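Chemist: Protein chains in written order, with the numbering used here: chain A, 286 to 679; chain B, 286 to 679.
One thing to keep in mind: the hints can contain errors.
[Stated by the list, open to error] Here are the computed lysine-lysine pairs in the DSBU-like style, where the Cα-Cα straight-line distance is at most 30 angstroms:
no.: 1; chain 1: A; residue 1: Lys646; chain 2: B; residue 2: Lys476
no.: 2; chain 1: B; residue 1: Lys337; chain 2: A; residue 2: Lys564
no.: 3; chain 1: B; residue 1: Lys476; chain 2: B; residue 2: Lys398
no.: 4; chain 1: A; residue 1: Lys388; chain 2: A; residue 2: Lys674
no.: 5; chain 1: B; residue 1: Lys476; chain 2: A; residue 2: Lys476
no.: 6; chain 1: B; residue 1: Lys564; chain 2: A; residue 2: Lys337
no.: 7; chain 1: A; residue 1: Lys372; chain 2: A; residue 2: Lys674
[Claimed, not checked] On the chain B side, residues computed to face chain A include the following (Cβ under 10 angstroms):
no.: 8; residue: Leu417
no.: 9; residue: Gly432
no.: 10; residue: Val491
no.: 11; residue: Val496
no.: 12; residue: Pro609
[Unchecked claim] A short list of chain B residues far from chain A (calculated; beta carbon distances all over 10 angstroms):
no.: 13; residue: Arg323
no.: 14; residue: Gly325
no.: 15; residue: Pro361
no.: 16; residue: Lys364
no.: 17; residue: Gly369
no.: 18; residue: Lys372
no.: 19; residue: Gly390
no.: 20; residue: Ser392
no.: 21; residue: Asp544
no.: 22; residue: Asp553
no.: 23; residue: Ala557
no.: 24; residue: Glu568
no.: 25; residue: Lys578
no.: 26; residue: Thr581
no.: 27; residue: Arg645
no.: 28; residue: Leu650
Since the hints were made in silico from the structure, they are not lab data.
Values in this document were obtained by computation on a predicted structure and should not be read as measured data.
For glycine and all other residues, C-beta sits at the position ideal for the given N, C-alpha and C.
Protein chains: 2
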Amino acid sequence: MNNPFENITILDFTHVYSGPYCTMLFADLGARVIKVERPGSGDDTRHYLPFKNNESGYFAYLNRNKESITLDLKSPEGKEIALGLMKQSDIVIENFSAGTMEKLGLSYEEARKVHPDIIYASISGFGQTGPLCHKAAYDNIAQAMSGLLRVTGYPDQPPVKVGVSIADANAGIHAAFCLMAALYYHEHTGKGQYIDISMMETTMSVLENFVIQYTLNGVVPERMGNEHSASAPFDVYVTKDDYVAVATASNRLFSRMQDAMGMDIMSDPRFAENTLRRKNYVELKPIIGAWMKEHTTADIVSLFDQAGVPVAPLLRIDELVHHPQIRQRGMMETQHHPIIGDFEMPGFPAHFSEIQTPVRKAAPLLGADTDDVLAVMLGFSKEKIQELKDRDIV
Amino acid sequence: MNNPFENITILDFTHVYSGPYCTMLFADLGARVIKVERPGSGDDTRHYLPFKNNESGYFAYLNRNKESITLDLKSPEGKEIALGLMKQSDIVIENFSAGTMEKLGLSYEEARKVHPDIIYASISGFGQTGPLCHKAAYDNIAQAMSGLLRVTGYPDQPPVKVGVSIADANAGIHAAFCLMAALYYHEHTGKGQYIDISMMETTMSVLENFVIQYTLNGVVPERMGNEHSASAPFDVYVTKDDYVAVATASNRLFSRMQDAMGMDIMSDPRFAENTLRRKNYVELKPIIGAWMKEHTTADIVSLFDQAGVPVAPLLRIDELVHHPQIRQRGMMETQHHPIIGDFEMPGFPAHFSEIQTPVRKAAPLLGADTDDVLAVMLGFSKEKIQELKDRDIV
Chain A
286 MNNPFENITI LDFTHVYSGP YCTMLFADLG ARVIKVERPG SGDDTRHYLP
336 FKNNESGYFA YLNRNKESIT LDLKSPEGKE IALGLMKQSD IVIENFSAGT
386 MEKLGLSYEE ARKVHPDIIY ASISGFGQTG PLCHKAAYDN IAQAMSGLLR
436 VTGYPDQPPV KVGVSIADAN AGIHAAFCLM AALYYHEHTG KGQYIDISMM
486 ETTMSVLENF VIQYTLNGVV PERMGNEHSA SAPFDVYVTK DDYVAVATAS
536 NRLFSRMQDA MGMDIMSDPR FAENTLRRKN YVELKPIIGA WMKEHTTADI
586 VSLFDQAGVP VAPLLRIDEL VHHPQIRQRG MMETQHHPII GDFEMPGFPA
636 HFSEIQTPVR KAAPLLGADT DDVLAVMLGF SKEKIQELKD RDIV
Chain B
286 MNNPFENITI LDFTHVYSGP YCTMLFADLG ARVIKVERPG SGDDTRHYLP
336 FKNNESGYFA YLNRNKESIT LDLKSPEGKE IALGLMKQSD IVIENFSAGT
386 MEKLGLSYEE ARKVHPDIIY ASISGFGQTG PLCHKAAYDN IAQAMSGLLR
436 VTGYPDQPPV KVGVSIADAN AGIHAAFCLM AALYYHEHTG KGQYIDISMM
486 ETTMSVLENF VIQYTLNGVV PERMGNEHSA SAPFDVYVTK DDYVAVATAS
536 NRLFSRMQDA MGMDIMSDPR FAENTLRRKN YVELKPIIGA WMKEHTTADI
586 VSLFDQAGVP VAPLLRIDEL VHHPQIRQRG MMETQHHPII GDFEMPGFPA
636 HFSEIQTPVR KAAPLLGADT DDVLAVMLGF SKEKIQELKD RDIV
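Let's have the full structure, built from the sequences with the hints guiding it.
Modeler: Rendered as structure tokens:
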């Protein structure tokens, strides 16, 4: 096999979610990802739920296919080792607070001195410059500061954050794209570079037309529950037994929907066109809602699916995991973890015809690859490694 | 200037949001993106709000830096032109329903015949295979089918979709990463390939630890408003005048917070550790909530910022656009559009030290580049192009 990603080495100083999601994607492609962790405790997520046999599934999922070394970056020897590894790595990535790598003597400027064409990415809450660069950020802080939190939720209820840490994940996948672009640039120019990625900006970048509504017309978009500013019905309804999501953005789709419901709604001039249905949705919603309440979700999905109307049940996580679509496409992969045992996790989220993206190995135990990396990459003797271990440097 | 992305040509059959977000990122890097649109009406988003001078800001934002040609793909000449352009493009991307490009005679298999090492990506709701491959999907359908919708919202309220079309954007950025990976693979192997990206799988991929909670322990995660399964307080509170988001995931941070509040909470054994605060949060929440209601958001943010406690107001879109952090980092760019006039939009969402990512040109008017593309890339005469226009083929 000829996998060009196997020749890429990433020295990974990231923790928790944004950075580890980014490097997971590279590790899945086959890149060598050397995760650098604090001696003793390691990445915080080694202590995040869910647990099995006292081992974190959170960590095990996001750090598959990676190696782990421990390193006390605050010690002079730790810093020297980190620079020695940067010299032999193609990519460095970190998601500490802005300024931390500088304080440790491991900034891009220091990395360049030992490896002039290195690619070096930083992910942070607000970026490496500007008045907020030192402000601490967790996912909910980034959701709040990017406008996303305020526009999610029902108009008559308080705003609500996205249920999962989307600002983290979104920064991570944007970082992955930028790193891949920098690799391509390096191939053609021989130049490395620095990449500054923030959760605030990457989240702002996925607000669809919300920012433009303001810059074009001064409109400040508000949250609107499950509705859409441009189409109706584009909503979630209460059914006889649960909920159902539907989306009709055209007369073609709405016509199919009213036929499936056995109703004639479009002959009412208030509801004849998508723009009118959106404008008069407050009157249309109860008409459709009354019908939905008389039918089960399963019946509505079946009926609308047959009619070609975009429709969906609101899947629970267990229903998602067992869904035939997920199963038949091989999106869940089983991996044997030495402590957790066999367990299933989502695989790489796309399918290439050439590039292979298997979960090849379980996430590493803390420091599992320290000896190997120090011996092979830096030529350290067993005695020297033992001495560093005795002093808690690795 | 030596910009290697200028040598990449993308033939872009995408519309609305997921695909156009993907190709916007490439266009920002400098790649040539030739957007293929329906004669007459073009991309649906040319008719999506917001409008100024009857021109869509939605379209103008997401299609900057691109070219536009019109082409009736259902006509034999349209198909021939499309294949002729595929021959000279590095990447093809489309986000029609699965099977549409096959019906048009423009599938990956057809593209390979004219261009053996082409890279060809499809974005769809559920993927190109499996029982749901032909099911129609809009963003809310994908949010529902990936579990995201059900886990967003308050526990005592119905689930709510993410306010923006995150399933679309997230599929788009994953596609961009995969395309860049395929370009890198092509550099090293000379091989093109097909990439199958679905909104359902890419959304499932960013559910943090939710899937693993189920596969490891059989726990089906439910929505929990603004709270986090592993930390407390990690929440949004009502203040004297609005809301505020806070995040404390450790004793260090919570200690700072109680000091800033002038309270001693941690000496109560129920709240001594993060795990206990999470466990007893139903009792802790009203204690903190009462304090929050007596203070304004601005005062709380100022106080907590000084104390190093992660905190944020819930920015409105107008506050986001004018925020000094966004301004000082140059995240908003002004572009002159021939019909809209000057307007501001979010720029490329990351900062490279080498790669330049300016908004170089306004989004194209429908078919603005048809003549040029047909003449230069395919050698068509003026007369031939006029004849195709007269017959509504371009």
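Chemist: It remains to establish, for every hint, whether it holds in the given structure.
Modeler: Outcome of the hint check:
| no. | hint | result |
| --- | --- | --- |
| 1 | A:Lys646 with B:Lys476 | 27 angstroms, holds |
| 2 | B:Lys337 with A:Lys564 | 19 angstroms, holds |
| 3 | B:Lys476 with B:Lys398 | 14 angstroms, holds |
| 4 | A:Lys388 with A:Lys674 | 24 angstroms, holds |
| 5 | B:Lys476 with A:Lys476 | 24 angstroms, holds |
| 6 | B:Lys564 with A:Lys337 | 19 angstroms, holds |
| 7 | A:Lys372 with A:Lys674 | 22 angstroms, holds |
| 8 | Leu417 | 4 angstroms, holds |
| 9 | Gly432 | 4 angstroms, holds |
| 10 | Val491 | 4 angstroms, holds |
| 11 | Val496 | 6 angstroms, holds |
| 12 | Pro609 | 5 angstroms, holds |
| 13 | Arg323 | 14 angstroms, holds |
| 14 | Gly325 | 15 angstroms, holds |
| 15 | Pro361 | 25 angstroms, holds |
| 16 | Lys364 | 23 angstroms, holds |
| 17 | Gly369 | 23 angstroms, holds |
| 18 | Lys372 | 19 angstroms, holds |
| 19 | Gly390 | 20 angstroms, holds |
| 20 | Ser392 | 13 angstroms, holds |
| 21 | Asp544 | 16 angstroms, holds |
| 22 | Asp553 | 23 angstroms, holds |
| 23 | Ala557 | 17 angstroms, holds |
| 24 | Glu568 | 21 angstroms, holds |
| 25 | Lys578 | 13 angstroms, holds |
| 26 | Thr581 | 16 angstroms, holds |
| 27 | Arg645 | 17 angstroms, holds |
| 28 | Leu650 | 17 angstroms, holds |
Violation of the numbered hints given earlier is absent; every hint is satisfied by the structure.
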